[in-house]
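Number of protein chains: 4
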Amino acid sequence: MNNENFNLSEKLVSSSYVRQGLQARRGHEQLIRVLLQQGKCPEEGWSESTIELFLNELAVMDSNNFLGNCGVGEREGRVASGLVARRHYRLIHGIGRSGDIAAVQPKAAGSSLLNKITNSVVLDVLKFTGVRSVSTCFVVPMATGMSLTLCFLTLRHRRPGARYILWPRIDQKSCFKSMVTAGFEPVVIENVLEGDELRTNMEEVERKIEELGAENILLEELAVLCAKHDIPHIVNNAYGMQSSKCMHLIQQGARVGRIDAFVQSLDKNFMVPVGGAIIAGFDENFIKEISKMYPGRASASPSLDVLITLLTLGANGYKKLLAERKELYGHLAQELSALAERHGERLLHTPHNPISLAMSLNHLQTHSTAAVTQLGSMLFTRQVSGARVVPLGVEQTVSGHTFRGFMSHTDAYPCPYLNAASAIGITKDDITLCIKRLDKCLKSLSKEASAEKSESGPPAEDVEDQTVP
Amino acid sequence: MNNENFNLSEKLVSSSYVRQGLQARRGHEQLIRVLLQQGKCPEEGWSESTIELFLNELAVMDSNNFLGNCGVGEREGRVASGLVARRHYRLIHGIGRSGDIAAVQPKAAGSSLLNKITNSVVLDVLKFTGVRSVSTCFVVPMATGMSLTLCFLTLRHRRPGARYILWPRIDQKSCFKSMVTAGFEPVVIENVLEGDELRTNMEEVERKIEELGAENILLEELAVLCAKHDIPHIVNNAYGMQSSKCMHLIQQGARVGRIDAFVQSLDKNFMVPVGGAIIAGFDENFIKEISKMYPGRASASPSLDVLITLLTLGANGYKKLLAERKELYGHLAQELSALAERHGERLLHTPHNPISLAMSLNHLQTHSTAAVTQLGSMLFTRQVSGARVVPLGVEQTVSGHTFRGFMSHTDAYPCPYLNAASAIGITKDDITLCIKRLDKCLKSLSKEASAEKSESGPPAEDVEDQTVP
Amino acid sequence: MNNENFNLSEKLVSSSYVRQGLQARRGHEQLIRVLLQQGKCPEEGWSESTIELFLNELAVMDSNNFLGNCGVGEREGRVASGLVARRHYRLIHGIGRSGDIAAVQPKAAGSSLLNKITNSVVLDVLKFTGVRSVSTCFVVPMATGMSLTLCFLTLRHRRPGARYILWPRIDQKSCFKSMVTAGFEPVVIENVLEGDELRTNMEEVERKIEELGAENILLEELAVLCAKHDIPHIVNNAYGMQSSKCMHLIQQGARVGRIDAFVQSLDKNFMVPVGGAIIAGFDENFIKEISKMYPGRASASPSLDVLITLLTLGANGYKKLLAERKELYGHLAQELSALAERHGERLLHTPHNPISLAMSLNHLQTHSTAAVTQLGSMLFTRQVSGARVVPLGVEQTVSGHTFRGFMSHTDAYPCPYLNAASAIGITKDDITLCIKRLDKCLKSLSKEASAEKSESGPPAEDVEDQTVP
Amino acid sequence: MNNENFNLSEKLVSSSYVRQGLQARRGHEQLIRVLLQQGKCPEEGWSESTIELFLNELAVMDSNNFLGNCGVGEREGRVASGLVARRHYRLIHGIGRSGDIAAVQPKAAGSSLLNKITNSVVLDVLKFTGVRSVSTCFVVPMATGMSLTLCFLTLRHRRPGARYILWPRIDQKSCFKSMVTAGFEPVVIENVLEGDELRTNMEEVERKIEELGAENILLEELAVLCAKHDIPHIVNNAYGMQSSKCMHLIQQGARVGRIDAFVQSLDKNFMVPVGGAIIAGFDENFIKEISKMYPGRASASPSLDVLITLLTLGANGYKKLLAERKELYGHLAQELSALAERHGERLLHTPHNPISLAMSLNHLQTHSTAAVTQLGSMLFTRQVSGARVVPLGVEQTVSGHTFRGFMSHTDAYPCPYLNAASAIGITKDDITLCIKRLDKCLKSLSKEASAEKSESGPPAEDVEDQTVP
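Protein chains in written order, with full-length UniProt numbering: chain A, 1 to 469; chain B, 1 to 469; chain C, 1 to 469; chain D, 1 to 469.
Rather than coming from a laboratory, the hints here were simulated on the basis of the structure.
Treat each hint with caution, since some may be false.
Identical chains share a label here; the pair holds if one copy fits it or two copies do between them.
[Stated by the list, open to error] In the DSSO-like style, the derived pairs of lysine-lysine whose C-alpha atoms are separated by at most 27 Å in a straight line are:
no., residue 1, residue 2
1, Lys245, Lys40
2, Lys228, Lys319
3, Lys447, Lys436
4, Lys292, Lys127
5, Lys288, Lys11
6, Lys11, Lys40
7, Lys292, Lys11
8, Lys127, Lys11
Here chain A stands alone, though its shape is the one from the complex:
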């Protein structure tokens, strides 16, 4: 309420109480002021009450909520369903304009503010999680893959003649598709095995660069190569924000070499619903160019989700989640290792992957490949989600390219294995339950060494989104 209304209230209720109410209101306003002024993720999280107050204030500034508005355009932010209006806090106009997803809308000052502030707060988080020299970023309401496509389409305008993308293999369909959709031809760089771990084959990359002279992807050393050969470099940082190691590599890559843009998923890093990504980079002009490539306004829903989430958590809350994740990674490694040992298997040694872990499944393989697949089905049925088995010898064709040993990121990984990740938001209970159920499944499978009837469940090749072990 404004001062006039507070004054009127003093006639109804003792003025000392009203004045205290006014002072309390200023407390909320003060938090909003700091946010607007600094554009940073607040240190301490806000209460739901402050957040909703703020969102309501933003909504009031959009023309669809003007009390005296009359609309005679074809896009007036009208909403037919009250349920829909409410769940969007009456912010209906989306973000951006025809020309630019980051642009301000005349009809929607509130939604425009939301967009600006969200991008600014997310930039702050990118900085404090490790990429200190990032210069700009924006939230885009598209999956990581489609966001990568947008980056590639932008590069196409810069380099009309380019045809290839050098792509160190990672068995995730949408990553591969993002290049194909953009009309490029991916050149797959097969990984090399070092111990249990797969690493990018740098020699092969350089050989291909010399052979093709084209644009490509990946980390640190790659960035140096890219700089040397003047090749654009886009990093798929999918769920890397939650790992200080990944963020550090990007920061380093940009310092010593060249990274044009790095793209990360909102849902995987911020515990929000699927459907948004952050496109970030070190050269403001290039990122702006990408934002101008998106033709039309876009959904504000992912921006709203990530803003609410970051205001709720505050920087401290987010850092705490990251610290817990890291700690539980250690716990998961320990538990998985112990379990593996009990079953005559071992935890694969993958020190460069700070999030995912894998244990070998050699014994199951000796029974039959079906047993490995069946383990996946059993875990699914027992509500262990995300623990994926990777059998040997799976072949999969994606957009015309056939991958051998699909899901293992290499043609012939030495053994089948099971993957588990310590991602942001994981709890100790998740790990305890997973280990317990996994243990039971393995016992049960080793008993019926000659697997008779396979349980229902999705066949292994149905499983997606694999990570480098």
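Given the coordinates of chain A, work out where chains B, C and D should sit on it, guided by the hints.
Below, chains B, C and D without anything else, positioned relative to chain A:
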């Protein structure tokens, strides 16, 4: 509650009352059954209570809401903020999979159902609003422009050699950009003036086809040409669903010629928040191919909005909105015509545009071009949104192409004019207020014939999303 | 947001748009200003957006929402469940204080304002619905019956010697109990039959007054008697607010005679959840005395509901509902009369009851009393709620007093009948469905004249809340 | 969804995923089953998702939500405002019937279940918090004071001749008023001072019993006296549920003596909004009699709040809150004691009060009584809520009775003091902030020993709800 729980309830509350409660529950279940069975928009709208019951049921089927789930993947549908979880009805997993935006997710049976049902209900609406022979469609959480881009990218894979899109001019930035972003070169076909109205220059289109042999866009006669020359034909049906005339033209075009896909905006046709589109077509394989081009999962938010809205309205409610819109179009034409006459102007004669209308602004022009621009500012300040002025001689460069007479869809329209649309959801009050305020502005401008101080407001060239007058 | 924050916003988003947002905010503030200033129900209803803005503003003023508050009392408005906090808009402190339900709370300026404003708005509605000279009122979170008890308890303090309440019979349990609970002895004044209609036996009332010299209840003429004999007069106006006739009678009664307080139900008159009442009167001191009788703070929930509802409807919306109710009363009378005729029955002639109607059930009675009861069960099963059958000869003991012919308000009404009411919120569909189903039931009962198997359903004596036919 | 709908879903989405969804649904149903079967507070709290599912299921059973219902009664649970409907989960019919607040409503099986289950769950909590032999209880939507009044009114019917209530003094207005409102004459038993602590004067109680022979109030020894003299005994257990000591005393009192009913506040014990109480006792008949005294239906809102809260917390969550409270009581005692020492004061020795603490304010008093009052104002202004100062010599008249030394529960307590409580929900931060601010205030007051200007704030006599130190 299941039967067991109803039985237990009978011990607490008289069984005849509980039995009636059970019967009532069946009423809701019955509505859901019909929806699942027929996949059509229900004739009568559902109550909020049935809708929320249904959405809660869907959410319960997603793994993030399993009571005994343990998640060790990197994408488990965890949500950090209660506000966010609630506003999405705890449906967190989005829609689609890496490979296909229409695919089913093992972890999220509820979200997958939501996606399937939404697409099915929307298909039904496409049919009953006029495109009876449409075979398939899907909702995509991207703006119309970006959705067109996705169509073009798909066509690129079918025709790797294609370079041009024939584009009968329409001055809307995102439409133009959708082609550029996809990496094509738009070939602008300038419109021809017939009376007040602009029409596609069919001779020029055919000439260009012969000159270039390429892919292109637009309606009925175009479809025949496309069929004749085997050229893919994508229709930007932005807000055309609300007009039976537009829908009829698409139906006819597909019958007598060729239409590969037609794309429409969700927010403009269904009164939902900005950010979604429908990609539809007559050849299931081609549409499926497009849906497989989207790399990665996508936001379920636009699907959720449109489903809630259509269940709330029912087919009858939606048809009623369309009928009201049509009736108010007549009313707006009448009022605008009368106003124009009072001010020595006239309603432009544009019988082929069933949604937008325009009145000439010749007198303002005689004062100065600034006066025309100022009218736009004055309307903005007076909360008339969507009524756009189109001055003469505006030049605008979009993605490198310079348009003369921008916003008027032609290089040199004979007079400046003001645009107003009768779009879905418009009310009689909107029209009354708009006419009243417009009248005042025109009077005030004609008084101060020599415009002194211009009011604040966005300059005319800031205005976007123009329609063919 | 305050001005400082608007200024900061202008650095992020074009200042002309932000200024328009600020102006829009003032629109909402202006509505709130008028409400605070005038304390009246606004003519036009508010949007949900304004209402929620207002409620959030009130909540911010309560100490449980102070950002810097520390609480070391035993009642700090803490809330354990987020669901609970939200559904009360974080207004947790209730209304009133130990001493007075209308008093202001130091810890809760917002809740105190809510209380004051609600009472003020409700007073305005009492005035414009007919009781123009009402001087004060307050909403109390108790049923009508318990609210009557509170009035009686207050009177007990004024008249320590009083023992009786003269009570013109009306067969509603809670009305009767309200006197017994307060420790008084109700003296039942049996009604007299005039045509089909029951009227208060005024001679008997006067006789009893002379015999007992005590306090009592009812309308107009009664008020004169009360004034003449200096007897406190409490009117149970349960759902009378929705009838201009009832309101007029109270206005008249107070003008020519004496009415100490009149009590009405919130849910029955304002379409809000059960649980609140309005205690109103013409002598501010007496009403204040009642409000001071409530020991302790009370739930703000009914006040919140009625305030939201009245702000949503506005005075015009509420009057429209009343007008529709009245019109549908005529429609119901017509339909019921026609139906009665078709079944050889008749609509009872009860011109003094502006809300309820009754049709005779003589033919059913000739079959058996069970048939009358069965009709009630059949209607219940067929989801006709509120249409109650009144068989002959039901005896019921309430708080020790046995009523013959219970539910008919008299010992021996000439015929059994069926009751239906046109209450606020009723729709034409309700009436159509009711008549249709009733018709079917009557036909089916007359076929199986010798009723074999009775259907399940609550026996007639279970039915409550009868009205004078 | 029922089985048929799950089957239909399998045609849209892979049946193994749907079957897992069905299994997940059974998980929620299972929790509900246990609740219905056992009627106990679940050990572990439920997720919001289960709670809302359950409440929606209940709502579906109420006739106002029947899809085919037609209503022609005067109370049909219609709701004018969507905001209101939603915030009550569409449970509109309240609880109870005319005859009995615990009765089942034919029109509202869902609300009736809610009522039964809430009372049953609350009874379970009463048991496990210490009153193991309690036999029945019910939630009533009235403040503790009004609930006590209802108990007294019930007793009046049992003992028509009774006039007095023996009342060991406790300076809380609503407690005193609850007796006066019920029409009784409170006989104040002044407390006796033992060390710093006030204790009930048992000799005086017995003397009064002999003098008057009447009904009265208080703990353990009192219960024995009551049993001996056959005097009804009502315990005001306001916020005693949170203390195992208080609950133990009631359990003991009922075992060795007589307790007819004990009444506790919902908001103070369960962290829900103000406005409800629990009336409980050991003789089912007497408690039932009280529930039948409430004339009319009542608000379900407090029942809904407490049910949501207890399902959210679970028994373990609630016990955890109690344990934390107890621990923080120790912490508060320590901190307050240290602070007192620093300022030359002392923590009063009140070992029998397990919730509230007090520190002397002798030094302030030597300055002036105004200084003591001013401290209260200063704390209020600094957002320390609930820390109340008790000056010497305050006189207050409540319902005609004048109390000397009001707020100190005795005519002449030896020193002024400051009160602070460790009530349920208190946090360590609350204590830290309170001590810090209190320290500052005391320092500032001792500096300006000659207090010049008093700050604004509520005068001390405005403060209410005092507790025995």
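Do the hints match the structure? See the list:
1. Lys245 <-> Lys40: within (23 Å within a copy, 49 Å between copies)
2. Lys228 <-> Lys319: neither (36 Å within a copy, 62 Å between copies)
3. Lys447 <-> Lys436: Result: close within a single copy only, 17 Å intra versus 65 Å inter.
4. Lys292 <-> Lys127: within (23 Å within a copy, 35 Å between copies)
5. Lys288 <-> Lys11: between (53 Å within a copy, 19 Å between copies)
6. Lys11 <-> Lys40: between (40 Å within a copy, 15 Å between copies)
7. Lys292 <-> Lys11: Only across copies: lysine 292 and lysine 11 sit 21 Å apart there, 53 Å inside one copy, limit 27 Å.
8. Lys127 <-> Lys11: between (50 Å within a copy, 22 Å between copies)
Hint violations for this structure: number 2 only, all remaining hints satisfied.
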